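*Asks:* Work out the full structure, taking the sequences as your base and the hints as a guide.
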Amino acid sequence: MNSFYRVLKFGKEKSSAVWAAIIFYILYTLFQLAGIGMIIPVMDIILNNGSQFEINQVQNFELKHLQLWINDTVSYGINLYGPLGVLWRACLISFVIFLMKNIFRYAALWQMAFLRGGITSKLRYELHSKILRISPGKLSENRKGDLLSRSSSDITEIEYAVLASLEILVREPLVILGSLVILFSMSPSLTIFVLAVGSLAAILLQLVSKKLKRKSNIAQSKLGQVISALDESISGLRVVQAYQAEERQKHHFETNNNVAKKTQISVFHRRDLASPISEVIGITTLLLILLFGGSQSLSGVGMNGAALIGFSLFFYQLIPSFKSISNGLYNVQKGSAAAERIFEILNREEDIMDPPKIIKDHNLKNRISSIEWDRVSLKYPDSNNFALDNFSASIQEGETIALVGPSGGGKTSLINLLIRAIDPSKGCVRLNGIPVWHEYEESWSLNEVRSAFSLVTQDSIIFHTTVSENISLGDPYPDKKRVREAAIFSQAKDFIEELPGGFDCVLNEGGSSLSGGQKQRIALARAIYRDSNVLLLDEATSALDAENESKIQKALDAASINRTTIIIAHRLATIQKADRILVLDHGKLIESGSHSELISKEGLYSKLVKNQSFKV
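0 is the number of the first residue of the sequence shown in numbering that gives the first Met the number 0; add one for each residue after it.
Derived by calculation from the structure, the hints in this document are not laboratory data.
A quick note: this is a predicted structure, and the numbers were derived from the prediction, not measured.
Keep in mind that the hints are not guaranteed to be accurate.
[Stated by the list, open to error] List time: in silico DSS-like cross-link candidates among lysine-lysine, alpha-carbon distance up to 30 angstroms:
hint, residue 1, residue 2
1, Lys609, Lys587
2, Lys221, Lys261
3, Lys129, Lys356
[Claimed, not checked] Just the calculated beta-carbon pair ranges, DEER-fashion:
hint, residue 1, residue 2, range
4, Glu596, Ile560, 16 to 26 angstroms
5, Pro319, Tyr80, 32 to 42 angstroms
6, Arg123, Ser514, 30 to 40 angstroms
For each residue, glycine too, the CB sits at the ideal point set by N, CA and C.
*Replies:* Below you can see the structure in the form of structure tokens.
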């Protein structure tokens, strides 16, 4: 339950709404009890065939003064309007009471909506913010579908739990307390009997709900696997269809879906058992009340018929309250399980943080004179092998450096270290001789480090926003003139202006309406707009056709002028003009030199060039 209490803390800003809801629930309860209380004089009129009350009829009531007042009022009304006139007036008053009761209930729920919406909105925001602060290596520990499940269905469960908790803590206890006070006043013996039976019911319901939290947690986890399988099919739809793997994907999805179904059914069975158990116990108790109280009334001992009916009604309204509490406890259990899954992410340690000692010198963006990897080793959380193994290299300002080697050699890892998408397991990365992170030395702030690089990747990420905002990504105050200049430089201006709305055109998620070459030119324009001192090109042209590759390569060559450029490329023909080529294999630096120097060594680089069969 600690996680659920933590969830409620997210609603501190909406505490006024909570207090307003409490007030409305109190008024709701008063009208609820008053409405049922009106039944007693009405039934007395009917059962007494319209005769006036006699004071001695109510001597057994402990609420004697209130009852006497009602008695005198009804008697006066009968004298003035007649029994029928009092009856329809009593019914009208009852209608108004029940109408007001429901108005106050709606008012309470109206206030609760602000609390529910505020908590869920803040949770989603915090979860999203946390994900943005987790390194990609750490994030890979969770499948995307599982994360989506936590940010959608889990938060929905928490939303239901919030409402249920308020009903448990405020509305239903007030109804139960008010009803019990009246019941004790009417018949202490019967009320004690009711409480005894209710305690037994609570024990039974506790036994039913004991495993709900664990089952709910498992169910949400299985649902996350289903969503992951669906996301996998959607993301890889073209490949699935091309390889006629529809049946395989159907089977994979069906397997996960069936497991989730069985788990959910088990949860539903446990949840649904609570309601009928409480209702059966309630009806059984009610019948015993009628049997015991009726026998007393017929024998002339205890309550009269109208009072017995009133007692039964007051008791019967406890059944829905206890059912609400039972369902509410179930929702809270589910909400707690969902909250634990949310806080599992929120509590995750942020491994990419500002260093303990930040250098006071700022504005690294436009003046990086050197880049150094100093005996760097790196192991990703989900791997037993080192992606980089004691790697050392340095780059001087204005150099164009190419990183080549077999897949998995550690090339992308070097770039990830520069932008601090991940930090090294050992060693240190330095910019201008100063660490990007060090436990004891003054280091660059995280924002300073990341501002120093412009990144173009193979996967041209396009966001569901305007072309202009895609190009000026990360700039809180975009410069439209610079956006246009960047588009011209990347040879993207012409096709952008042909789009509906031009630079203000809202692109589809992932840029599905654009070709691969168009998306890559927007990504390059984004890097140009950033105007950082160092340009990082991670397979920037590998997924393009020859025509688009030629266009973008020219733009990249132009962008590299007067910039330090680091290129990762499998097409080695594109990096012949690099000042130096660093050859990596299994995370180690194998060779280093210019294209001609490495060819003459006849080492790994020479073999890679020969395998690609281009002129040297």
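*Asks:* Tell me, which hint numbers fail for this structure?
*Replies:* Violated hints: none; all satisfied.
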